[in-house]
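J.: Listed in order, the protein sequences are those of chains A and B.
At position 48 of the first sequence (counting the first as 1) the number is 48 in the working numbering, and the numbers step up by one without a gap.
At position 95 of the second sequence (counting the first as 1) the number is 95 in the working numbering, and the numbers step up by one without a gap.
Simulated from the structure, these hints should not be mistaken for lab results.
Bear in mind that the values here come from a model prediction, so they are computed numbers and not experimental data.
Every residue gets a Cβ at the ideal spot worked out from N, C-alpha and C, and that includes glycine.
There may be inaccurate statements among the hints.
[As the list claims (entries may be wrong)] To give an idea of the interface, some chain A residues facing chain B are shown, with a C-beta separation under 7 Å as derived from the structure:
1) 170
2) 173
3) 177
4) 178
5) 188
6) 191
7) 192
8) 196
9) 199
10) 275
11) 276
[As the list claims (entries may be wrong)] Stretch-level coverage of chain B by chain A, calculated; a stretch enters the list once three of its residues show a Cβ under 8 Å from a Cβ in chain A:
12) 94 to 100
13) 121 to 132
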Amino acid sequence: MNTKHLRYVLKENPITAVAFSVFSLFVLMAIFGPLIAPFDPLDSNAGPALSPPTWHNPFGTDSFGRDILSRVIVATRLDFGIALAAVLLSFVIGSAFGCAAGFWGGWFDRISSRLADTIMAFPLFVLAMGVVAALGNTVGNVIYATALINLPFYLRVARAESNVRREAGFVEAARLAGNHDLRILAVHIFPNILPPMMVQVSLNMGWAILNAAGLSFIGLGVRPPMPEWGIMVAEGASYIISGEWWVALFPGAVLMLAVFCFNLLGDGLRDLIDPRRRT
Amino acid sequence: MNAPVASLPLLHVADLSLEFRTRSGTVFALENIAFSLNKGEMLGIVGESGSGKSVLAYSMLGISDGAARVTAGTAMFGGADLLKASEHELREIRGREVSMIFQSPRTALNPIRKVGHQIEDVLKRHAAVRGVDLRERAIDCLKRVRIPDPARRYDAYPFELSGGMCQRILIALALACQPSLLIADEPTTGLDVTTQAAIMELLSSLAAEQNMASILITHDLALAAQYCDRIAVMHAGHLIECGPAEEVLNAPHHPYTRRLIASTPHTAPSIAAMSPIPGNLPDLRRSDLPPCRYAGRCERFEAACNAAPLPEFAITPHHTVRCWNAE
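Isolated chain A, as found in the complex (with noise of 0.2 Å):
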């Protein structure tokens, strides 16, 4: 993969690269999100409490005084930190498992089919509440409940990518160049489920989001005053009755275009991902 693909993917979809610039935009806000914002979060002199959107406040302020526009940017981090490790981690294992179950079959399969076939039996946002509620209130319990919830969809995308390639002629060709099950497995089988896998990937990180943000606004996970999404959201709740709307929609605006663009993201990354896409 290098620019060339880059730059012939992005040409080719324009929604593809709308999507990929609006990324862009997210990842600097992640990144350099203390840096650019115009206040410190924490800081309730920003404005007086409870200002409409002035051009000294763009996002208004929250009943604190604390500037949302700053809020909004700084929480970037936190909350594409938790999604891009949740996800990660599901990935991970989810492929691990779902490639190895897939491709040997046998009691391995059985096992964790029927495991992943439990945890989906579960309403899946009261399982990741019951998870953080036992294990602890902290960022890591988070990213461990939303990366378990997210597991069994990558366990059976793997599992059955991989299962239709087992007999592929091309596997059978490297076992007769000599090649073992687990080199197959990871030069031959695995390369040829990502493309698909990354679909997966890129609609996961906007519910891992999603997830996240739903937690906190129930008080689950992320405190305050620490600047979330999810929880600028619950604090504005109460206050879209009394007219303050703007406390809770710039953060849920904001939450909507993250996972959107995540959503958007999915063709376009199996395109880079995929040679055959890409000619």
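Go by the hints and put chain B onto chain A.
T.: Quick look at chain B alone, frame taken from chain A:
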């Protein structure tokens, strides 16, 4: 039998029987197969589909279905019995000593890996080539199979190449470690006639260059006649006739071989003049299979045919046939 010309054959298969245990009964897929192959020789295995050609080839490399069992026989190759070798020993033999090329070159290549890298995989695995040399060796392999502009093709993906080109890549892969035996399972079936000729020319010239023995599995008698030194005819899991290509073709002794030659298009002026072989292969799941599995379709059948197990008759020291009534 007289001693063969070469002191020791490269591959000597004796008394090989193989069966598949399936839910609907045991399939007696191969029975008492025997043949040998000398260095540098090309053996054609011909027969209609279902006659066990591919199963025979695959059993040499120890890759069979989980349901397959080798029930008897030996396949001596370089002092070792391929049928009794451990998985670990076989992994060392496959790709280095014995290579295989397949019917559908496109599916036998990893679709998202550059062909150059796929050749390097084999070199790394068996020839212990490392570093900078690797790319050069891979390009050399491409050059040997006469791929134009090999340095550029190194970076190509299989989907960017034509079927014939993919088959050349597959040959390059198979020959990368200069094996002493190549098994080609219908290597030209998916290709058009001109490409077919080019691939076969390439195969036989490379085989001659390296003094490599090869087994060509095909249902195309004309192809086998043109390129093989010897031909083995299979029918329903039996090797019914085996001998020098010229002899088998011009003076066939087994009734099935005769019919097979008569049903080959190029000898007949029109389709109407072609003579198809009556009947089908017998059901190999029956436990009461007759000693001669061609008996049900044979015009020279006599009651005596099924009286006793069918021995192998030597017509000349190098030409054997399994038929009581051979001409």
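J.: Are the hints correct? Go through all of them and say.
T.: Okay, the hints, checked on the actual structure:
1. The closest approach between the C-beta of residue 170 of chain A and any C-beta of chain B is roughly 4 Å, which is under the 7 Å cut-off, so the hint is satisfied.
2. The closest approach between the C-beta of residue 173 of chain A and any C-beta of chain B is roughly 4 Å, which is under the 7 Å cut-off, so the hint is satisfied.
3. Taking 7 Å as the C-beta contact cut-off toward chain B, the hint placing residue 177 of chain A at the interface holds, the least distance being around 4 Å.
4. Here the hint on residue 178 of chain A is kept, as its CB sits about 4 Å from the closest CB of chain B, short of 7 Å.
5. Restraint check, residue 188 of chain A versus chain B: the minimum CB separation of about 5 Å is within 7 Å; hint holds.
6. Below 7 Å, beta-carbon pairs count as interface contacts, and residue 191 of chain A has one with chain B at about 6 Å; its hint therefore holds.
7. About 6 Å separates the beta-carbon of residue 192 of chain A from the nearest beta-carbon of chain B, less than 7 Å, and the hint is met.
8. Look at residue 196 of chain A: its Cβ only gets to about 12 Å from chain B, farther than 7 Å, so that hint breaks.
9. Annotation: residue 199 of chain A was flagged as interfacial toward chain B, and the flag is violated, the nearest CB pair being 15 Å apart, outside 7 Å.
10. Among the interface hints, the one on residue 275 of chain A holds; its C-beta lies about 5 Å from the nearest C-beta in chain B, closer than the 7 Å criterion.
11. Satisfaction of the interface hint for residue 276 of chain A is found here, the shortest Cβ-Cβ separation to chain B being roughly 5 Å, below the 7 Å cut-off.
12. Beta-carbon proximity to chain A at under 8 Å applies to 5 residues in the segment 94 to 100 of chain B; the threshold of 3 is reached and the given coverage holds.
13. Counting residues of the segment 121 to 132 of chain B whose beta-carbon sits less than 8 Å from any beta-carbon of chain A gives 4, enough to reach three: the coverage restraint holds.
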